[in-house]
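So the protein lines, in turn, are chains A and B. The first sequence begins at 1 in our numbering and counts up by one. The second sequence begins at 245 in our numbering and counts up by one.
Just so you know, the hints here were simulated from the structure itself, not pulled from any lab data. Keep in mind that this is a model prediction, so the values were computed, not measured. Virtual Cβ for every residue (Gly too), placed ideally from N, Cα, C. Do not rely on the hints blindly, as some may be mistaken.
Example chain A residues on the side facing chain B (calculated, C-beta under 8 Å, incomplete) [what the hints assert, rightly or not]:
(1) Lys56
(2) Ser130
(3) Gln132
(4) Asn140
(5) Ile148
(6) Pro156
(7) Ala158
(8) Pro159
(9) Ile177
(10) Pro179
With a straight-line cut-off of 16 Å between C-alpha atoms, the simulated EDC-like cross-links for lysine to aspartate or glutamate are [claimed, not checked]:
(11) A:Lys166 <-> B:Asp464
(12) A:Lys163 <-> B:Asp487
(13) B:Lys508 <-> B:Asp464
(14) A:Lys244 <-> A:Glu218
(15) A:Lys108 <-> A:Glu72
(16) B:Lys512 <-> B:Asp466
(17) A:Lys126 <-> B:Asp464
(18) A:Lys166 <-> A:Glu123
(19) B:Lys372 <-> B:Glu284
Okay, here's what each chain looks like letter by letter:
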Amino acid sequence: MKNRYNPAVVLSLIVLVCCAALILDQKVNAAGEGKITGTVKLDGAAPHMKGIDMSKDPYCSKAHATDPGHLETYVTGANGGLANVVLYIEGWSGPAQVSNAVLVFDQKNCMYTPHVLAMDVGETFKVTTSDQTAHNIHPNPNPMTGNIPWNQSQPPGAPPVEKSWKAPEFIDVKCNIHPWMHGYFAVVKGPYATTDANGAYTISNVPPGSYTVTAWQEAAGTQTQKVTVAAGAAATADFTFKAK
Amino acid sequence: MRTRLQNWTLLLGSAALLAFPSASSAQLTTFDLETRMGAESHVGNITGHAKDAKGDYRRYCVGCHGTLGDGNGEVAPWIDPKPRDFQLGIFKCRSTPTGTLPTDQDLFDTIARGLDRSNMPQWSTFTKQQRADLVAWVKHFSPRWTNEKPGTPIQIPPEPEVTAERIKAGRDVFARVQCWKCHGVQGMANGPSASTLQDDLGRPIQPFNFTDGTRPKCGDTDQDIYRIFMTGLDGTPMPSFADNIKPDEAWDLVFYLRTFMAQKSKEKELAKQLSLKPVDPNAPVAQQ
Chain A
1 MKNRYNPAVV LSLIVLVCCA ALILDQKVNA AGEGKITGTV KLDGAAPHMK
51 GIDMSKDPYC SKAHATDPGH LETYVTGANG GLANVVLYIE GWSGPAQVSN
101 AVLVFDQKNC MYTPHVLAMD VGETFKVTTS DQTAHNIHPN PNPMTGNIPW
151 NQSQPPGAPP VEKSWKAPEF IDVKCNIHPW MHGYFAVVKG PYATTDANGA
201 YTISNVPPGS YTVTAWQEAA GTQTQKVTVA AGAAATADFT FKAK
Chain B
245 MRTRLQNWTL LLGSAALLAF PSASSAQLTT FDLETRMGAE SHVGNITGHA
295 KDAKGDYRRY CVGCHGTLGD GNGEVAPWID PKPRDFQLGI FKCRSTPTGT
345 LPTDQDLFDT IARGLDRSNM PQWSTFTKQQ RADLVAWVKH FSPRWTNEKP
395 GTPIQIPPEP EVTAERIKAG RDVFARVQCW KCHGVQGMAN GPSASTLQDD
445 LGRPIQPFNF TDGTRPKCGD TDQDIYRIFM TGLDGTPMPS FADNIKPDEA
495 WDLVFYLRTF MAQKSKEKEL AKQLSLKPVD PNAPVAQQ
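Construct the complete structure from the given sequences, taking the supplied hints into account.
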């Protein structure tokens, strides 16, 4: 009865293969970096986004007197372009992204601007407030990933809160004082981009090679595509999501 | 045969742990717990050992907190607030900044003090050694204690003398950082946001009502109250105000909060003499 594979041996082999794949994957060239660009669209008409009743806080309802607030689960622009989609490279094993741009997550008119803030693991971002009402900024990651939840107040005129995250995760951000305020920190590994109001994006600084690009939308989920980036050239990956 | 089957489960489990480290933490098993049985705690000059708390935990704690420490004990469905999930390593009562692990002393104090308005009683019948052992036991449930160090406790300056000026200044802090949004202008837990508050697991939660005679969850000394708003109560809507309230102002706020409380105090008397009015939620916003 020895003709069956020993499960322990099979498992160790799988682990070995995985490790080898990880190590071999790291041969990327530094020079002649290309980019990945494309457009993310929503198939069909955008679902109705519910309005928000902000009457609880007179400051918030006044700020939205002419432009009523509504949920931002799906935000579409020209030709069905889908905003707030985060694009990144699956299984990135290159160096961390060095960016001089300061990432800012602002609390403005009792909404989050941007609604989704993408960042690399370990990249610093700032949470600011432009509002004359108190907020509390309360991200709720899963502590088992290594990202630890915290909760800080930002009354009017409060200084920015500077933080970073340790592991890739799509983290829910809330304000308990204004329960409609809801956004995301999209923490990914390696180069990333977020679609603009019309669904367009560009991931720059991608070394030549073959990659799997993942597009993440907060409600519709993820999609992937394989692309090959040539030195100094742009590869294209367009995505179409269906509203759920 | 049964033990052999168990051994295989353990071996496969550990292989899976090596292959998928992120998945391993999501599904804690008794095997993980066995590997952390060496957990220790240090409270004063007492060293607590997790392995020595096994009996006490099974006898006194497991009914609510569960065998795996996830707060799913057999009584858990009937009680509210729900028992703490020790696997997450997130605790309300800390002396450390928001987003950090509490110190062993913090956990030790919580076991001794109990948590008001919950089913967690004061375990004052335990010896200090038993409590220290239980702290080590609580720590062995979360991998966070192996990967992280507890935060550095916040510094609390010596308590100044209570004066009328300080109480008035405390009222200004209360208005500026807008405590009333949840706690209400008279501390009666009836602020505009009070009814929609949820904890981190999405369950409804109430802000503290200063006026109903109950004790604050994390202790009722002036230092305890100071600590609550400067560290926040992690896992709840209560944020940390450490970046927004200076240490001296924090004492003013403690004194002002005392004026809401049912218990007699010097602060309450002074507020009466001053005929202090509640803050006006519609007043122009003060800047930091």
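* CA of lysine 126 of chain A to CA of aspartate 464 of chain B, is that 16 Å or under? -> violated (35 Å)
* Cut-off 8 Å, beta-carbon criterion: hint that alanine 158 of chain A touches chain B -> With Cβ-Cβ at 5 Å, under 8 Å, it holds.
* Has the given pair, lysine 166 of chain A with aspartate 464 of chain B, been kept, meaning a C-alpha gap of at most 16 Å? -> violated (36 Å)
* For the pair supplied as a hint, lysine 108 of chain A and glutamate 72 of chain A, confirm whether the alpha-carbon distance does not exceed 16 Å. => holds (14 Å)
* Proposed proximity, aspartate 466 of chain B with lysine 512 of chain B (alpha carbon, max 16 Å) -> Judged against 16 Å, a Cα distance of about 14 Å means the pair holds.
* **Restraint check for lysine 508 of chain B with aspartate 464 of chain B, where alpha carbons must lie at most 16 Å apart** => holds (13 Å)
* Is the straight-line distance between the alpha-carbon of lysine 166 of chain A and that of glutamate 123 of chain A 16 Å or less? -> Roughly 9 Å separates the two Cα atoms, so the pair holds.
* **Hint validity - serine 130 of chain A Cβ closer than 8 Å to any chain B Cβ** => Violated. Min distance 13 Å.
* Asked: Holds or violated: lysine 244 of chain A with glutamate 218 of chain A, Cα cutoff 16 Å?
  -> holds (10 Å)
* Minimum Cβ distance from lysine 56 of chain A to chain B below 8 Å? -> It holds, given that the least Cβ distance between lysine 56 of chain A and chain B is near 5 Å, below 8 Å.
* **Restraint satisfaction for glutamine 132 of chain A [CB to CB of chain B, less than 8 Å]** => holds (5 Å)
* Let me know if the C-beta of proline 179 of chain A comes in closer than 8 Å to any C-beta of chain B, holds or violated. => holds (4 Å)
The structure fails to meet hints 2, 11 and 17 from the earlier list, while all remaining hints are met.
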